[in-house]
Amino acid sequence: MLLLLILLPLAAAILVPFLGKRQVWGVALLGTLLPLIAGMVIWLSLGIDWRSSNGDISSLNQTIPWMPDLGVTIRLGLDSVSGLLVLLTLILGPIMVLCSKTAITERVRTYYGWILVLQAAMTGVFCARDLIFFYICFEFTLIPMFVLISLYGSTNRKAAAIKFFLYTFTGSIIALAGLVYIAWFHASKTGTWSFDLDVMKTAARSMPASTQWWLFLALMLGFAVKVPLFPLHTWLPLAHTEAPTAGSVVLAGVLLKLGTYAIYALAIPMLPAGAILFTPLLAVLAIIGFVAIGLVCWVQTDVKKLVAYSSVAHLGVCMLGMFALNPTGLQGSILYMINHGLSTGALFLLIGMMYERHHTRSMLEIGGLAKRMPIWATFMVFFAMASVGLPGLNGFVSEFMCLFGAWQASDTWLGSHFVAGTPGYLGPWYAVIAGVGMVVGAMYTLLMVGKVVWGPLKLPHDDHGHGHGDSHGGHDAAHAGSLPADLTGREIITLLPLAGLCLFLGLYPKPVLQAIDQSTQSTHKLILDARQTVRALEGGPIIPPMPASNNAAPADGAEMENAR
Amino acid sequence: MDTLINPFLFYGLCVLGAVGVLVALPRQKIAGFAIGVLIGAAALAAFFVVLGRQAVKDGAGLPNFHFYIFSAVALFSALRVITHPRPIYAALWFILTIVSSCGLYLVLQAEFLAFALVIVYGGAILITYMFVIMLASDGPSEDAVEAMTEYDRVSREPVIATFAGFLVLAVLASFMAGGASTLKANPRMAATDDPMAQMAPKVEKTLREAGLLAEGEKLVKRPKIEGGGPEVKQQLALDATLDETGGLQILSADGRTVRTLAEKDWPEALRLSDAQRVGFELIERNPGAIEIAGVILLMAMLGAVVLARKKVELDEQAKLEAMARARAESELGREAEFVQPATGGDN
Amino acid sequence: MDTTMTMSMLPTLVLAQGPVPELVPGITLFHYLAVSGIMFVLGLIGFLTRRNLIVMFLCTELMFQAAGIALIAFGRFHLNHTGEAFVIFVLTVAAAEAALALALVVLLFRRKETLDGSVWTSMKG
Amino acid sequence: MMMDQMMSSLSPSFAPVWSLALSGGGGGGGEGGSALGVLASLKEVPLSAMVWLIPGLPLLGALLAGLCAVLKVRSKLPAWLMVLCLAGSFAVTFWMYQQVAATGGSTFAVVHLFDWINFNWAPGKAFVANFSLYVDPLTCLWMLFVTGLAACIALYASEYMSHDVGPGYCRFFFAFGLFVFSMACLVMGDNLLLLYLGWEGVGLCSYLLIGYFYQKPSAVAAAKKAFILNRIGDLGLALAIMLIFVKFGTIEYAKLWPMLTQYLQMAAAGQFDQIPTSVQLIAVLLTLAAFGKSAQLPLYVWLPDAMEGPTPVSALIHAATMVTAGVYLIARTLPLFQISVAPLAGLEGTWFGFVSQISALEIVAYGGGLTALLAATIGMAQFDIKRIMAYSTVSQLGFMFAGLGVLASYGAAFHVFTHAFFKATLFLACGAVMHGFAGQLDLRKLSGVMWMKGWLIVGLAMLVGCLNLAGVPFTAGYFSKDVILAEAFSVGHFRPLAWILLFTALLTAYYTFRVFFRVFVGPKHYEPGDELHAHDDHGHDHGHGDKHDHGHDAKGHDAKAHFHPHPPGWAINTVLALLAIASIAAAFAYPTYFVKGLVDTSTAQVAAGAAGHTHVGGATIFGYDPHKAMYYISGIVGAVGIITAFFLHYLGRRTAATSAADNLNLGALQRAAQNKWYVDEFYNFTIRLPLKVLSHIFHMLDKLVVDGLVNLAGLLPRAGGAGLRPSQSGVLHGYAVAMAAGIGVLGLVALLALR
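Residue numbers (the working numbering), protein chains in the order written: chain A, 1 to 564; chain B, 1 to 347; chain C, 1 to 125; chain D, 1 to 755.
Distance ranges between label pairs, derived from CB positions:
id, chain 1, residue 1, chain 2, residue 2, range
1, D, Ser727, B, Gly12, 31 to 41 Å
2, B, Ile160, D, Gly730, 10 to 20 Å
3, D, Ala719, A, Met1, 51 to 61 Å
4, B, Gly12, D, Gly730, 31 to 41 Å
5, D, Ala254, A, Ala11, 54 to 64 Å
6, D, Phe114, A, Ile492, 24 to 34 Å
7, D, Pro217, A, Ile375, 19 to 29 Å
If you're looking for bench data, these hints aren't it; they were derived computationally from the structure.
Glycine residues also receive a C-beta, built at the ideal position from the N, C-alpha and C atoms.
Could you put together the complete structure from these sequences and hints?
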């Protein structure tokens, strides 16, 4: 069943080159819609109670032997977290196709071909339970993205595409080295080569903490580039500003999540001791990313670059939540991945629509679009508020949980009169500084909305009337038919589902939280066990991992026992 | 083993030799050839003197002058080959080197090769060199007989070259001297390898004719191939056995006592000349190599032909064009001054 | 020979006496190797310094010759004839090389009307 | 004493209302009894789910307005729908109040709608924050005046915004409805997270409504400023919520109060050192949140700029409801404040050592007091009547916080109640003037408006408002301010604060009547404001896009000549009359203990001995009991203020533009006050500028250093390649020499190594 999800877009991709220019868009839409429907079927009809063991659904597992002698088999399977991310990918698929109908007028076949390949590769990553298949798909997402940016981007797209490709590629090579070492370690111990992720997880966990430290560094280097974590993020603004609309939607929506998912599903369960040892450093980097890059957003003049930098900042919070290493933080960061995909993806759609009409992204040249495009303005304000984390919309739930996770995760709360602390390495100060980041977030988002949406109407000098200005700048400008000033029906259809989801997840996140609850609890157990090895390594006192589980009034001196 | 030559002295000589060669090399300004030769010769002489005294000290009697003369001549002519500005003379000097090195071979009683080299090298290869030199060099035109091409007169980065060369020499020498002692001496020609041992029946017959074998005595024989199975032993010719001193082992009639016939008193017929030994060596030990050598020569011939032929073809084309041009001019009715197509290659 | 201070660093130059007998009184293997070494080095220097292509090839022939001497010296001092057999093969190679090289030289001469080696620098990086 | 009997005997008819009041009074009276006061005897009572209509109806109104926008409705339909919904909501609120009053105090009801956030962060433990309502007397009080005022102002806005009918109109009422919904969530939320949702929701709506005239860059900037400053306050609230959860394991009020009993007993017994400082810190964080939202000292700068929004918005949001959210937060979580004696003890050794002894309530009190003083001084010097009203709001809020600080939670709540009414009246009156005189707000260009035809009701409403604000005896404002002042004087160590408050009351009286005498009385004179053109022919609506740029002087000049102000319509007049009567009626709440009953039967009740407040009975002013003396002192102070204003601005006024006050050459002080003591410039210079520079530095750092390193990684191979290229020079000899030298060196190395 899962293989179907991957093969459908591939089949469409193969079919596309042989079609006439007009049918291509239709087939592409079909190629992305069918997997979405299939995905829905999987999610709903199986009535999956995601609360089984750690959220795994054995009924969906598929194993296809590929290179038996090397122990390489394609294993597909979903757990609750990857299931959600697959759904996110499937939702963004049709949206990508829908939004690039008028944006892309030349070389249409290659464009949709590569989009479908990208879609398949991304689904592949989330369904993979086998290292080799995971890595192939993980790498395979680069090629279509490279093509999309370099062929369909705007001004200096070549440099951006090359930097994007090389940067991410070198990163993932290092990660592959780490992963293969684990596979080799397993093979050397048990004699058989097996790339099954679960087998590798158990093998990796048995490693001493010092090796786990090295391996975790290798894995993090690879995945942190994709996330992007603070010092390794410089490819993102470049790639985003140069990518076509659909490209940057999927780049922000799903590609960044590959990094965070890989960390959650691979790095942390495999090397919990490594994760614990690296938590302080990574948390600090995440916070720098959140606050410092937030400030950098504040001085941008290019709207798309601003939103790109903002997604670096947002993912800083996501990583902060994840490296709180307690259930709250983990659930917050997973929910954040989904929310960020929806709200920032929508923001990029909106900017794309504005670019299609006015061919400029610089906030200095354009402003006060509320007058000309009221519907666009309403959506813009709605999604800006979602991304700034207004309660009632999805941004808030995940951002608050991440900050709260970071706040909760510190041993100081294990004192006698605290009830709801979890052992960890972050603490209140992390949350406070991250809170300042929330204020900075409001500053740059409102700056953008203030300049682009509100204020007196200001159009680029040569833009006369309804947005079909002559095609200067990127050759993908829509000089085909003139787009009406405000949003067309098609564009509203692309935005409505995202808006609906944002509101739904903001008001009723319960089903999603319960789905991922089991998976985060099991990860948290891994972390607690690993604390012993790490403590032993540092020679520190063995702090009992879990505070008293009783929820009674804060009796002083509540005794601690391992609540596992 | 005492040191043959004091290392400092040896390296000093090397440097001296290098300086000599350096000065001797053709140079833009002062042609210090003579001085260079002198220095080089002095270094060589000192070297040979030391070697000579060494030999005398070992009580080997008067040092064998032949070697020293031949090597001095060879080295001097080699020096001249590389220092002489005109290629023709360089080739001629090279012939002298060949002849003198054949002299060295004679000292070592390798006469077959000495003459082979003179004939093949001196005769054939150097003649082709001469031929090419004549063909390829512009040849001194009347006015500037002495006008040697610039690239002959000036040598190139002599200092570095000489330094590199003599560094290699010093290293080689050290290897030879230092390392040679660790060479395991090749054990005397294994009895079975000696050509004499392999012609057992012929040897027995000549010894009997020479009356050295008493009645009933036989050569001690041994199967040619060690370790072969019993059935292999019978049908193979049996080898005569040589003891470690090189003498033949003869079995007495009663088969009990074995006496050895020293090499000295072998009959004349048994003595193999050097050419025979070399021939034997070639045929018996590495026949395949000879075949391959033949093939190499064939390939060389082919290569030369191909290279040469292409030239002709080029000329063909050039000739055609020339004729076409000529005809065009003649049709124009102008009195065509018939231009002899450029002899030899065009460019 | 006074036992001069032998630098520990410098290799001691000990003649290979040992079991190899002297064919010719007073002349040891080292003599021959020294001569061939010097001739080889002269050939090398010639090759490096001279710019005339033909003379360069001549110097290679010189180096072949030097190698031949060494081969024969070793062969004879070991009282077997492998050295000489090998020289013959060296000879064939030298002949082949000479033939081809000279054909090439002629061609090159035809092309650039000069025998200077340094003219040909098109094969640069 | 005499007044109490008189009032209580007047209206026995409101049986249910009085029953609560009496019992409340009784309950209140017995505050000295158990240390926990209400908290100990809280019991849950069932309440029907009908209560959900209160937030539900405004949301419905908002969605309908949104629908009208989508359907491009060009009539006043959204306004009527909104008024209907809000009236309905007010009715349900009143019904709810009946239910709560019937239960006789110190009860609460939790009405659950659906699970919003509840994830279990540990086996068996969950972070629960559901969409459910917490109804107790404090909630009723707040919701009564919120929904009531909202309904009136919606009616007022229907006419006031008439020139914007169409998409603008719908957008206004969508935000208006969303605002009342958020306010309802804030006040009625059963957990702090829902309060946070309401908190940010009202922030968003004030952003949308301040920025309503989005064509004006100043409005957009003001909106952005308001949202960001609110966001800073929200940060405090978020941290407080996290601290509370980590400490108590829950953020739902129902579960929170029992957990506090232990600490309240400690506080009552005076063992303050046993209460962990982390618990005491919560109060400080909540104060930061309250000051952010209710525009107190550090974060008040956004409120005066918020006047960019349309007047109904200023009236509802920036006078009556939103700004009181801060007061509600502190009132709701008063127990947390009562146990916080030395929250900043942690700073003992550092340079901030002096802070370590201040209790949370003192922070609140002195914060409020100083804000009141500062705002009053600025208010005196402004010329724009809406700005003056804005500063007076900030000042009155300062009073309320001071009231809370001195543990007169009843006084503060009562002042909130009365202030909501009379400040709304004042704002709406100013709005009517602005509406009628084409946006004219400068008090130097208007005079004698009250005597113009059709403007009498507006004038009278203004008079009632001013009387209340100035604290003229027997007005509602007078009673509420009096309670706070009395309490301030009666608590020993708040004496300096009391004197500040008294002086501020004087200034308040002065600037209130300065406005009244300059604008509403005196010789008739008017000059039209700048929003000229569309007004006089308000029949048809032509694109208001270009209306706002002020470039058309030439055309404007002749239009000014034949401009005649148009008096407000029936809607504005009815609303003004209604509110004026309400302001007067509010006075009756004092003797009937209506508000006191509500407040003292909720958790906002002041437990005896809280936070070291030994109720010093003995403190007196000039030997008299403060409560009784206050009646006279505040009356005198009010009168003095009015008389000075009368002399300076009524008798001393020659023309509309000049008055006797001008020749009071206070010089620098005058100019500084006019420029708002340069607080905005100070903030800009100390916070915004360095932040801008910092972000530019980060940007450069990010581009050069981090990106530089990456590009460097790209550069190295190319440079290396270029470096090695010359080695392949193509010269044969070069190669040969290299080879020879190579052999030599290798040999040497082998030689040395092998030996």
